[in-house]
Amino acid sequence: MKLVAAVLFITVSFAQPEIPDIKNWANDFTNTLLQDELQNLNYNLKTYQDTTTNQLVMLMIPTLDDYPLEDFAYETAAKNKIGTKEHDNGALLLIVKNDRKLRIEVGYGLEGALPDALASSIIRNVIVPHFKKNNYYAGITAGIDAIISAIAGEYKADRDSSEEDNGTPGIITLLMIIFFLFTFLFRGKRRRGIGPFIFTGGGWGSSRGSSGGFGGFSGGGGSFGGGGASGSW
Amino acid sequence: MKRGMILGCSIGGIVLIIIAILVIWGISAYNNLVTLNETVNQSWSQVENQYQRRADLIPNLVNTVKGYANFERGVLTDVVNARSRVSQMTVTSEVLNDPQAFQRFQQLQGELSNALSRLLVTVENYPELKANENFLQLQAQLEGTENRISVERRKFNETVQTYNTTIKRFPTSMFAGIFGFKVKEYFKSAPGSETPPKVEF
Chain B
659 MKLVAAVLFI TVSFAQPEIP DIKNWANDFT NTLLQDELQN LNYNLKTYQD TTTNQLVMLM
719 IPTLDDYPLE DFAYETAAKN KIGTKEHDNG ALLLIVKNDR KLRIEVGYGL EGALPDALAS
779 SIIRNVIVPH FKKNNYYAGI TAGIDAIISA IAGEYKADRD SSEEDNGTPG IITLLMIIFF
839 LFTFLFRGKR RRGIGPFIFT GGGWGSSRGS SGGFGGFSGG GGSFGGGGAS GSW
Chain V
3 MKRGMILGCS IGGIVLIIIA ILVIWGISAY NNLVTLNETV NQSWSQVENQ YQRRADLIPN
63 LVNTVKGYAN FERGVLTDVV NARSRVSQMT VTSEVLNDPQ AFQRFQQLQG ELSNALSRLL
123 VTVENYPELK ANENFLQLQA QLEGTENRIS VERRKFNETV QTYNTTIKRF PTSMFAGIFG
183 FKVKEYFKSA PGSETPPKVE F
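Here the protein sequences come in this chain order: B and V. Okay, so the first sequence: first residue is 659 according to this note's numbering, each after it adds one. Okay, so the second sequence: first residue is 3 according to this note's numbering, each after it adds one.
No lab work stands behind these hints, which were simulated from the structure alone. Check each hint, because a few of them may be wrong.
Computed list of lysine-lysine pairs in BS3-like fashion (alpha-carbon distance at most 25 Å, straight line) [claimed, not checked]:
id: 1; chain 1: B; residue 1: Lys-737; chain 2: V; residue 2: Lys-190
id: 2; chain 1: B; residue 1: Lys-759; chain 2: V; residue 2: Lys-132
id: 3; chain 1: B; residue 1: Lys-755; chain 2: B; residue 2: Lys-704
id: 4; chain 1: B; residue 1: Lys-743; chain 2: V; residue 2: Lys-157
As the structure is a computational prediction, the values presented were derived from the model and not from experiment.
Excised from the complex, chain B in its bound form (with noise of 0.2 Å):
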């Protein structure tokens, strides 16, 4: 019997949930943030990322099931190639609303600014403070205001290649929303009623999601090796 349950408990935990395409600096998949709050961070992000080239991009989803925090947090961060290819630049927010977790996974470029401890001090000290109180907007920007902070003068944008990306990319970033949107209707005709995938319903770009105004977020390349923290509140 204890064979038996263990086999099931494997295999159930093993159920992968699908990893995000993330297409804006701020991505709230839980209906939480208002449109005004959205707006606000990812404009500020990506101010950031103009001036700086580091990406951080923030993501809000309901649950993980029992699906390990860590392992989500990685294979979107990596997935979705956040921060430089040259720098390794980029970290991830990740908040697991209904879960109670959140963790700030960083990119390898980033370590050394923001090293283990320190995230976990800005999860514990900065944002988990506020998430207590339900102020989860307060704690986002607490968070990435600290997370900012602790990376400044890091890295720099210089002048060549921020105008390179700005040169192209109209067409692409237009094919990649087509592209986006015929994925998800597809999938939200395929998946709805299978019922073992850990998101019910078409995934939750069928949600408000993403952010207000127009998208234009890509990853530029970074990877990660698993550094951050993680924390509940």
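Knowing the structure of chain B, use the given hints to seat chain V on it.
Frame of chain B, contents of chain V only:
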């Protein structure tokens, strides 16, 4: 006579061309294997770095915890012993070609992981320790390192998979044997490592 010579020449030519193709093919297969082998070695050194980093954190952790009155000695000694066993084993990338040494490495590191997680579970019983910022930071570093280890192990397994698939695949498999490229071991998750240890009080 003339006809025979032309025939002979063209057969010889074809044979030469085939040999040339085989040689070029062999060279490129060899170079590819060398590259893959290096990738595996490189990801191995990342794994090793993280294990080393964990071993380096332990003395600090032990010292912090030791200060707390009547903290379970047994749990601490287990950690210290497991760590010294780990650091006695000298590890180079040669381990990768020696399945037994590789398994021993895994086993020792697994024992240290178990001892450490027992320590962290025991800490739950010491509220003052859990409120100590110094300890919390150490704990964050340790958790971060454990997570890095699992990420680097995963990356390592991916590179080994590419390598193993390549050397087993025809036609590269012919050259792999000749040049002495052997199948490498994967990291396996140790039985019981998925479930956190239970501590009886």
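*Which of the listed hints are broken here?*
none
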